[in-house]
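**Q** Residue-level listing of the chains:
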Amino acid sequence: MEKNNPEEFKVPFSPLLIGRYKMIKKIGKGSYGSVYKVEDIKDRKTATTPDSPKKYFAVKKMKLPANRLKIQGIDFTTLREINILQEIKHENIIPLVDVFHINRSTFMVMELMKSDLSKLMFSRTITLTIPHIKCIMLQIFYGLKELHKNWIIHRDLTPNNLLISEDGVLKFSDFGLSRFFASNNRPMTQNVVTLHYRAPEILFGANYYGPQIDIFSAGCILGGLLLRGTLFCGRNDIDQMSQIFKIMGTPSEETWEGVTNLPHYVEFEETPPQSFRILFPGIDEDLANLLEGLLVLDPNKRLTVEQCINHPFFNKSPDSCDPDELPMDDIS
Amino acid sequence: MSNYYENYEAWEKSTGTFGNTIPHQGLAIEDDLHMLSTRQNIGNVVYKEEDVHKKPIRCLRRFIFDWINYLGNKLKQKMETKQSAIALFDRIVANTVSCVKVIQKEKYLWGQTLLLISSKFSEPEHNCITIKAFIKVSSRANFPRKMIVNCERVICNILNWNLVTEPPVIFVDLMRYFKGTGNEIPEKDLEKYIQECYKITNKILYLTQAQTKDYKTQAVAAVMLARKNYGLYPIYEEGWEELFQISKRDIEHVLELYRNHKYSMQYSKKHCKKGKQSDKNANKSIFERRLFQRRDASFGNAHSELTHRYKENKSIFRFSRERSKNSRLEKDEESSISRIQKDLKESQMRVDTSLGRSIDLNTDYDITTKNSRKHIPSGRFRATRRCTITSRNQKIDMITSR
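Those protein sequence lines, which keep their order, are chains C and P.
Reminder that position 222 of the first sequence reads as 222 in my numbering, one-by-one numbering, no gaps.
Reminder that position 27 of the second sequence reads as 27 in my numbering, one-by-one numbering, no gaps.
Careful: at least some of the hints might be erroneous.
As the list claims (entries may be wrong) - Reference excerpt, derived from the structure (chain P facing chain C, CB under 10 Å, subset only):
hint : residue
1    : 117
2    : 139
3    : 142
4    : 143
5    : 149
6    : 152
Note that these hints are calculated values from the structure, not bench results.
From the three backbone atoms N, C-alpha and C, an ideal C-beta is built for every residue, glycine too.
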């Protein structure tokens, strides 16, 4: 028997990935790598009717380190992401279709989505009414409930990572930073969550935190939806903290037990907490209550996901609209 | 090559796995990997316990268990990662029995990559293993980077990227979590938890060649493992009879589950090498027996080196033989230092002990020896011999010379 050539082992990077996915164009780019729009050819061949509709997917190509010596096989963030996406199947969490390798880079095939929440949030042409906001927030909470039920923290909840399909269904993506918290009380890293959506206990350098950090960033998103911009946009850690404390008031031992023991604790000038009804004139009392409950500094006093879903704000009229009624057509 | 294939097919037919397996060639490892890495649908991954009982798999499993544990301990990995690596191996074998022949050629590589994968998704970021770190640990793990990366990819493809494993330690941790919050696990889950504990201990005891005839000892071992993870009782300090009194209720529960030998794994005597010796120590508990084995092993090494070096001095030779015979039967617990001192004094050697403390027999210890030369101004060399005893708590150096 002849020995196979080592060159044969390297599959050239062609527009047709594994002879199945046809590459069309590049959609997005990020720290993790790049995303391509892709057409699935295999299903079209096997389908009985030739005029069956084309199937499109999104393919995420993971970036490799620049230095070849630093390559450690498959990156641990991708492995964790694959692990978590395979365990959870829910309406509000993006499904994983396929995974494959070409040379040294890994590819993940996922559902193709139309846009992010950030585009909907920051666009000046779209008007968001309260039923719209209720619909978006409820979908976020349903997704979070499913995650927390399975002992997973997302740790990177931002409008950029919340994708929206054409039907207006909101889906979580980018699980590179997420992890299980059930196993034991192991110390965790503090370099998680983008700065504008980071919870105060991480900013103070706490080694042990829980699913409450996801709820704080959900609160930031709610504020952003009302403000049509980022709620707290600091330049660095200390600026971020000062912006949070301007609205929520400076923490003390009375309001938050054990703050002074946290590793990076810094004293700020004392400012009293402001009410959200002054910041956002014209909102309900219940909405203000919800915002306060989500953005409480003490993580033990913050609302849990189930408390958020059963909050009186969602039971009141006007009811939340269906996901089809979200203003998706106006996104440029 | 044709013979190899025929034999292989015959073996597959005898085991009843013909047709389910992936074809491969008996060439270099990279080609095997290439053949395996071609995409094939294997179907859902189901762990079959029957496959573990087959002979070639069992031998391989024992080896990989030891290798993963050795590497994991040196690299300071958790119990969870080591177990999940072994669980991954079980799943690979359960799917494709033909992998065994491929794995047997490069046992070290496969064990290494299994640990690498499991550490990636269960360790915190700063404690993840890098490929470079393997080389520092042992020379056996010195594989080129390309091979490890390829092997990792093959493993992922075989398992169809279904890398989620639930090592049984999680049940112990969950138990601790519930106790902390004040809630307790309902009885249905408790049964599951004890079943899992029981499975691990069974496997561990089997792999360390400790015979387990009574299901009582197995049950105690399961509870012991749980208790160790609680941090309540260290394993080696108490005999099982004492522990039986302490944790009576837990053991009764286990016994109810396994009274009918339904879940017990029955191992044949063939693969236990020390079958005859264990009959003498049948009355002793497992852990006591294991202690004796370990002590013998360490002494055996020291003696063999001594005998090799000073063959002419027959007195040592005789003495060591008698010692090795009698050491297993001795029940008096002497401190290890005094034993070595006796050995060395009687063979007319000078002994210097830097620390004269006694070591607890309960702790692990190893003995390593090192030879060195001292320069003497008259132009000759004096051979010296350094003996180090390492234990968990303390380190003791001994210098012996002629």
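**Q** If a hint holds in the structure, say so; if it does not, say that too.
**A** Structure-based check of each hint:
1. 117: 7 Å, holds
2. 139: Status violated, d = 20 Å.
3. 142: Status violated, d = 16 Å.
4. 143: 12 Å, violated
5. 149: 5 Å, holds
6. 152: Hint on residue 152 of chain P: holds, closest Cβ of chain C at ~4 Å, below 10 Å.
The structure does not agree with the numbered hints 2, 3, 4 stated previously, though it agrees with the rest.
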